[in-house]
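Peer 1: Sequence:
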Amino acid sequence: MTDMPPFAWSVEALHADHRQALRIETMIYDSETAHQRLQVFENPRFGRIMTLDGVVQVTEGDEFIYHEMMAHVPIFAHGAARRVLIIGGGDGGMAREALRHTEVEKVTMVEIDAGVVEFSKKYLANISAGAFEDPRLELVIADGAAFVAETTDVFDVIIVDSTDPIGPGEVLFTDTFYGRAKRCLSEGGILVTQNGVPFMQGEELTHTMRAFRTLFRDATCYLATIPTYAGGPMAMGWGSDGTSRAASIEELDERFRAAGFETRYYSPEVHHAAFALPGYVRKLLS
1 MTDMPPFAWS VEALHADHRQ ALRIETMIYD SETAHQRLQV FENPRFGRIM TLDGVVQVTE
61 GDEFIYHEMM AHVPIFAHGA ARRVLIIGGG DGGMAREALR HTEVEKVTMV EIDAGVVEFS
121 KKYLANISAG AFEDPRLELV IADGAAFVAE TTDVFDVIIV DSTDPIGPGE VLFTDTFYGR
181 AKRCLSEGGI LVTQNGVPFM QGEELTHTMR AFRTLFRDAT CYLATIPTYA GGPMAMGWGS
241 DGTSRAASIE ELDERFRAAG FETRYYSPEV HHAAFALPGY VRKLLS
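In the working numbering, the protein residues as written are 1 to 286.
Simulated from the structure, these hints should not be mistaken for lab results. A hint or two may mislead.
Stated by the list, open to error - Taking lysine-lysine pairs in the DSS-like style, the calculated list, with each CA pair at most 30 angstroms apart, reads: (1) Lys-106 x Lys-121; (2) Lys-106 x Lys-182; (3) Lys-106 x Lys-122; (4) Lys-182 x Lys-283.
What the hints assert, rightly or not - Computed beta-carbon distance windows for the label pairs: (5) Thr-176 x Thr-243: 24 to 30 angstroms; (6) Asp-175 x Pro-44: 38 to 44 angstroms; (7) Ala-34 x Glu-103: 43 to 49 angstroms; (8) Arg-37 x Ser-286: 35 to 41 angstroms; (9) Glu-250 x Arg-37: 44 to 50 angstroms; (10) Asp-241 x Phe-7: 17 to 23 angstroms.
For each residue, glycine too, the CB sits at the ideal point set by N, CA and C.
Using the sequences and the accompanying hints, generate a full structural model.
Peer 2: What follows is the structure, encoded as structure tokens:
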């Protein structure tokens, strides 16, 4: 653990015309290999932050928004999800939120790198919050694309908690992967995907929606605003052959009350409103 000089900053340069800077109060971990640089540092506003090559992956301060919206929107919309598949999610935050649903009988989490899980347990334990010890969680160390191609299991909800489509995460944004993931869905099942910030990464969303429209009767996205994913609201892709997106606020509220836990961002009203898309996002979908 290293105290940093005054005004040391981590500068994210993911986008060609935009920069984001986060102050480093204390460097917790800093390792650079021939392929990438992984850092964990303390920030006064966001707590512990993990970056990969300077790009924010997760922060203790705002991770709840991403994880709640990726997990609770499909699970509450489905209304009877028993088996959930998470592709990626090595920090354990997505599993944490999915496992809050007591009616979920099993969560299968497929993470390509066991080291990510162990690293997160050590340096970001507040994010998983004990999820890795839940007996309903099955942790599979494998390539997510290979898993959906080979498994015979079916799932009510599949959550693709991937990095951006660069390097190892790129395969999780292909038409082939989406088609194989659909094969693993139960009748009326839901696939949700991380699709970046559409104002900055519009082509990513357009590509995914092009694939979803050929695969699913109901293909769209919904939005959530996550402060450290800069450039506007983040898009989560939604694909299903069922009618679960038509659940009313009243139905969602009944399910939410029955679940018996509190959330910091998600609510039935936010769930419903998240599918109301501004014009520039609707244009990217079409």
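Peer 1: Confirm or reject each hint.
Peer 2: Now the hints, each set against the structure:
no.: 1; hint: Lys-106 x Lys-121; result: 21 angstroms, holds
no.: 2; hint: Lys-106 x Lys-182; result: 19 angstroms, holds
no.: 3; hint: Lys-106 x Lys-122; result: 24 angstroms, holds
no.: 4; hint: Lys-182 x Lys-283; result: 25 angstroms, holds
no.: 5; hint: Thr-176 x Thr-243: 24 to 30 angstroms; result: 27 angstroms, holds
no.: 6; hint: Asp-175 x Pro-44: 38 to 44 angstroms; result: 43 angstroms, holds
no.: 7; hint: Ala-34 x Glu-103: 43 to 49 angstroms; result: 46 angstroms, holds
no.: 8; hint: Arg-37 x Ser-286: 35 to 41 angstroms; result: 38 angstroms, holds
no.: 9; hint: Glu-250 x Arg-37: 44 to 50 angstroms; result: 49 angstroms, holds
no.: 10; hint: Asp-241 x Phe-7: 17 to 23 angstroms; result: 53 angstroms, violated
Going down the numbered hints, you'll see the structure goes against just number 10.
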